[in-house]
Amino acid sequence: MIEITGLTKRFGAATAVAGLDLSVGKGEVLGFLGPNGAGKSTTMKMVTGDLTPTSGHARVCGHDIETDTIRAQEQIGYLPEGAPAYGDMTARQFLSFIAQVRGFRGAEVKARVDAVVAKTELEPVLDQTIETLSKGFKRRVGLAQAILHDPPVLIMDEPTDGLDPNQKHSVRALIRAMAPEKAIIISTHLLEEVEAICTRAVIIDRGRIVADGTPAALLARSRHHNAVTMTLPAAQADIAKNRLKSMNDVESVEQTVLRVGLVQLTAFPKRGALLIENVSALAAAERWDVKELYAEAGRLDEVFRAITTHDAARAREARA
Amino acid sequence: MKFWPIFKREFASYFATPLAYVFIVIFLFSMGAFTFYIGNFYQNGVADLSVFFGYHPWLYLFLVPAISMRLWAEERRSGTMELLLTLPVPLWATVLGKYLAAWAFTGVALALTFPIWLTVNYLGHPDNGVILAAYIGSFLMAGGYLAIGSAISASTNNQVIAFVVSVVVCFLFTVSGAPIVIEFVRAWAPLVLINAISSFSFLTHFAAISAGVIDLRDVVYFLSLIALFLTANVVIIDLKKSA
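Sequence lines, in order, name chains A and B. In terms of the numbering used here, the first sequence is residues 1 to 320. In terms of the numbering used here, the second sequence is residues 1 to 243.
Keep in mind that the hints were calculated from the coordinates and are not lab data. As the structure is a computational prediction, the values presented were derived from the model and not from experiment. Beta carbons are placed, not taken as given, at the ideal position from N, Cα and C, and that holds for glycine. Warning: the hint list may mix true and false statements.
Claimed, not checked - Simulated coverage check for chain A against chain B, where a stretch passes if three residues somewhere in it have a Cβ under 8 Å from a Cβ of chain B:
#	stretch
1	82–92
2	96–104
3	209–220
4	297–304
As the list claims (entries may be wrong) - Label pairs and their calculated CB-CB ranges:
#	chain 1	residue 1	chain 2	residue 2	range
5	A	Ala111	B	Pro18	26 to 36 Å
6	A	Ala111	B	Asn121	26 to 36 Å
7	B	Phe114	A	Thr129	51 to 61 Å
8	B	Asp127	A	Ala111	36 to 46 Å
9	A	Glu192	B	Ala111	44 to 54 Å
10	A	Pro124	B	Thr17	46 to 56 Å
11	B	Thr17	A	Arg208	57 to 67 Å
12	A	Ala111	B	Val213	39 to 49 Å
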């Protein structure tokens with residue numbers, strides 16, 4: 001439902017987005033990841049019609065955003081970065097305004113606003129001016145504005161930024177509930193959010209896609225994927241470490257002191273190997289006093305850091 | 001009618017803050033002060049409002065940019081510009097809706113000067129047709145200043161810059177028909193050019209209308225000037241999208 005081909009945006013000499021190709025279908029929740037300044041927001045702004053691309057195309061439900069702007073925009077619900085809204089309006093006035101601009105008339109305006117207010121739990125602040133609302137409520141007003149017309153395509157720039165854990169949970173539940181019927185793109189810095197709601201993760205860096213896959217596939221690229229971590233008394237640590245190292249499938253072992261007398265060992269597998277069964281059999285055979293033993297799924301932040309250029313490296317490159 | 005919701009929201013927003021009330025009070029106060037104290041309305045002993053209307057171009061010069069400066073600069077600063085540009089409304093409708101709201105607001109302020117009309121009718125027997133024509137001319141002129149200010153506001157997110165530049169541009173459009181400019185140009189320019197410059201002036205056209213003659217040419221002048229600057233407004237926003 002969203003097709004992006006060769007999308008490019010230059011600001012003067014700087015290239016913000018460099019030939020992005022991406023297509024998102026119904027039922028997908030695409031998590032857009034990347035360091036600050038990677039081009040996430042710029043891409044979203046081009047797809048929604050806020051910015052004109054330098055070159056390339058973005059099509060929403062078959063409508064080109066540049067040549068068939070209004071039709072394309074009718075299909076999109078968009079939550080811009082920072083959830084901008086008119087501060088001097090009440091939440092109710094603002095949502096009614098959006099409903100009218102979206103072409104609803106008369107009783108339908110009220111019906112739409114009521115439905116979306118219930119979904120986003122805005123009743124308590126409905127008649128307060130938006131500038132007096134807390135960050136969490138402001139964000140939910142922005143979210144309500146985006147989903148008011150039940151759009152087939154939903155694009156949200158950091159939808160849970162500034163929300164407390166409870167609010168994050170309810171917004172994620174809301175997104176998950178809408179997901180089967182829509183194509184959704186969200187940008188986020190929160191890697192746990194990608195694991196929680198996204199069916200697909202795309203990492204971009206300096207305007208290019210550097211990784212694209214399911215969250216599980218990205219996790220598999222982590223060094224910690226299928227690594228085994230065990231906690232045991234310090235007295236047994238050295239022996240255990242040597243025994244683990246001598247195992248066939250073990251690449252390396254790392255040791256961290258948890259607190260006095262307790263040590264955590266992490267065994268990293270060779271490529272594709274599964275360690276957990278052998279390690280737990282070994283521990284049982286050697287009668288180590290194991291307090292904890294588990295296999296890791298992988299760490300998304302580690303993948304993220306490995307893939308995206310480090311800020312310092314980028315700054316050096318820019319100076320050169 | 002795509003511009004209607006935009007118009008309604010914009011018009012209501014003037015009255016949601018003290019802006020409208022402060023503006024209207026200052027507008028009416030300065031209109032009164034100029035007419036009665038500087039224009040010596042009573043001492044003139046003539047039952048017409050030519051003194052009152054004579055000050056309109058000069059008051060608009062400062063008061064109208066004070067309204068227009070926030071039209072787009074404020075949207076850019078607060079981020080709501082992104083909302084406006086991504087809603088399914090054609091750009092021309094957004095520009096028109098916001099502009100008409102601002103124009104309607106100045107219309108309200110202008111209409112509230114009616115006590116002076118009551119005063120002059122109480123004092124004597126003025127030609128109310130001429131007064132009506134002058135009100136129409138004044139409203140058209142305010143629309144002209146507003147369109148210029150709106151286009152300039154679209155090019156910046158700084159309201160102070162929008163105000164200062166608007167005042168300067170409006171000033172040029174006002175004085176181009178004043179004797180001082182014409183005298184300066186007459187020394188070297190051909191007659192065609194002199195006529196062209198003076199015909200660009202708000203003063204020339206407003207003077208014609210407020211004399212009681214609503215000439216189609218003067219109306220067309222103001223309407224086409226408004227259309228020109230609103231088109232520029234659309235183009236500026238579009239260019240900024242691809243910048």
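Quick rundown of the hints versus the structure:
Only residues whose beta carbon comes within less than 8 Å of a beta carbon in chain B count, and the stretch 82–92 of chain A has 7; three or more means the coverage holds. Here the stretch 96–104 of chain A counts 6 residues with a CB under 8 Å from a CB of chain B, which clears the bar of 3, and the coverage holds. With a threshold of 8 Å between beta carbons, the proposed coverage of the stretch 209–220 of chain A by chain B is violated, since 0 of its residues qualify and at least three are required. Only residues whose C-beta sits within less than 8 Å of a C-beta in chain B count toward coverage, and the stretch 297–304 of chain A has 0 of them, not enough to reach three; the restraint is violated.
Roughly 34 Å separates the CB atoms of Ala111 (chain A) and Pro18 (chain B), a value that falls within the hinted 26 to 36 Å. A hinted range of 26 to 36 Å is violated for the C-beta pair Ala111 (chain A) and Asn121 (chain B), which are about 51 Å apart. The beta-carbon spacing between Phe114 (chain B) and Thr129 (chain A), approximately 33 Å, falls outside the hinted interval of 51 to 61 Å. Checked against the hint of 36 to 46 Å, the C-beta distance between Asp127 (chain B) and Ala111 (chain A) comes to roughly 55 Å, which is inconsistent with it.
Judged by the Cβ atoms, the range 44 to 54 Å given for Glu192 (chain A) and Ala111 (chain B) is violated: they are separated by roughly 59 Å. Evaluation of the 46 to 56 Å hint for Pro124 (chain A) and Thr17 (chain B) yields a failure: the beta carbon distance comes to about 24 Å. Restraint check, Thr17 (chain B) to Arg208 (chain A): a C-beta distance of roughly 45 Å breaks the suggested window 57 to 67 Å. At about 53 Å, the beta-carbon gap between Ala111 (chain A) and Val213 (chain B) misses the expected band of 39 to 49 Å.
Violation of the numbered hints given earlier is confined to hints 3, 4, 6, 7, 8, 9, 10, 11, 12; the remaining hints are satisfied by the structure.
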